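Here this note's numbering is used: the sequence shown runs in plain steps of one and ends on residue 391.
Hints are not guaranteed to be accurate.
Pairs of lysine to aspartate or glutamate, EDC-like flavour, derived with a Cα cap of 20 Å [what the hints assert, rightly or not]:
id	residue 1	residue 2
1	K323	D227
2	K314	E271
3	K225	E271
4	K14	D362
5	K337	D362
What follows is a set of in silico ranges between Cβ atoms, one per label pair, in the way DEER data are often shown [stated by the list, open to error]:
id	residue 1	residue 2	range
6	Q145	A5	34 to 44 Å
7	D121	A327	26 to 36 Å
8	H197	Q229	10 to 20 Å
9	K323	D227	33 to 43 Å
10	Q267	S235	14 to 24 Å
Read the hints as simulated data drawn from the structure, not as lab findings.
Predicted, not measured: the structure shown is a model, and the values here were computed from it.
C-beta: ideal position from N, C-alpha, C; glycine also.
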Amino acid sequence: MAINDKTLEDKLTKVRHQLHQHPELSNQEHQTTLFLNSYLETLGYHIVTPQKLLTGVIAEIGPSESNVIIGLRSDIDALPIAEKTGLNYASVNEGIMHACGHDFHMASLLGAAELLADQANKLTGRVRLIFQPAEEIHVGAQAVAEAGGIRNLNAIIGFHNKPDLKVNEIGILSGGLMAAVDQFKVTFRGQGTHAAMPQLGNDPIVALTSTVNTLQTVVSRKTDPQSPVVVSVTHIDGGSTWNVLPDVAWFEGTVRSFDLASRQLAREQFYQIVNGQAATFGLAVDISWIEGPNVVNNDSELTPIVIEETKQHAKLLTPKPSNAGEDFSYFSQKVPSVFAFIGSAGTTDWHHDDLIIDDRGLLPAARWYFYTANRLLAHFSGTTTNDR
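Please model the complete structure; the sequences and the hints are all you need to start from.
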């Protein structure tokens, strides 16, 4: 029996509010995991979470004999941000907030779980729901993959809510949708001295400021203008008072890129500039470079199929790629995948302490999961899906 839209929307709204009120940080999503497990077991799902995963849930539905398996993914972790929304369902966990909308993602996938369970006897293959931990620290997708969570998948789909898109707007494009992420920290080590007598020391702050300015040439003069790259220094620290030059000064930040060549070039130029500046000023330097998620790259064969299906149920847009990162990229390196932006009509953008998103976006997101899963099951099993 078909599920009533209003009934499902009301249910998903209550679910999201509960999840929003009880956020948990990366790899600490224990209560969230218990909630998801219970919800899916009640719907009749087979829980297949590998023992290696201490948080997160993987569950399946559909004919066990089928070799066709489509993965649907949601992330589940929150951020260390103190909420300032004033909502009656605001976080009760001090200093923790679902400021990126992962509560929206979970509730949407649970909505799809309801729709799939209602049509379980008509599924032409298996659907695997992946509620992934630790996306915000960019280790969860790899942990799921290494534990066997994406084994034997024909395809995997996912989405991120987009606060600047309206409800029922969905953005999909082939190729790179979200950027590769690299993180850096540079520490200059010099000789501290009285600020009035700089000649008696070796000032790391001058080297630091010169380096920060010179790093802007990575984008302006070294990379292809047609291949987007961002180099941002976001945190600088050095010294403790106004009249003493410190021994040490450091800065940190991030590089974002959309292709391997630009990513490699940016790193090479970064090291060359930093080491060159250290040599110029006669300082020792330490460079810490942390390679984060790769580009979220939508499969060229599957994306047109997903686009065609999406156009039947929502307003399809061609989105601008985002310089934000997403560790869904780890899945897209292993399995044919499509990642979308789905409108959540937010008041601000991701990672803001006052972000409020529109619950009316839950039902379109849930149905996108459901329709796309059925379309891809049909694609890989060679059947048609007339009953939607």
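Okay, the hints, checked on the actual structure:
This hinted pair checks out: K323 and D227 have alpha carbons roughly 19 Å apart, not beyond 20 Å. Proposed proximity of K314 and E271 is contradicted: the alpha carbons are some 42 Å apart, above 20 Å. Of the supplied pair hints, the one linking K225 and E271 holds, its CA atoms being roughly 10 Å apart against a limit of 20 Å. The suggested pairing of K14 with D362 holds, with an alpha-carbon distance near 11 Å, which does not exceed 20 Å.
For the hint linking K337 to D362, the alpha-carbon distance of about 32 Å lies beyond 20 Å, and the restraint is violated. Between Q145 and A5 the beta carbons are some 38 Å apart, a value that agrees with the proposed interval 34 to 44 Å. Checking the proposed 26 to 36 Å range against D121 and A327 shows it holds: the Cβ atoms sit about 34 Å from each other. A hinted range of 10 to 20 Å for the beta carbons of H197 and Q229 is inconsistent with their spacing of about 50 Å.
The given range of 33 to 43 Å is broken by K323 and D227, whose C-beta atoms sit roughly 18 Å from each other. For the pair Q267 and S235, the beta carbons lie near 18 Å from each other, so the given range of 14 to 24 Å is met.
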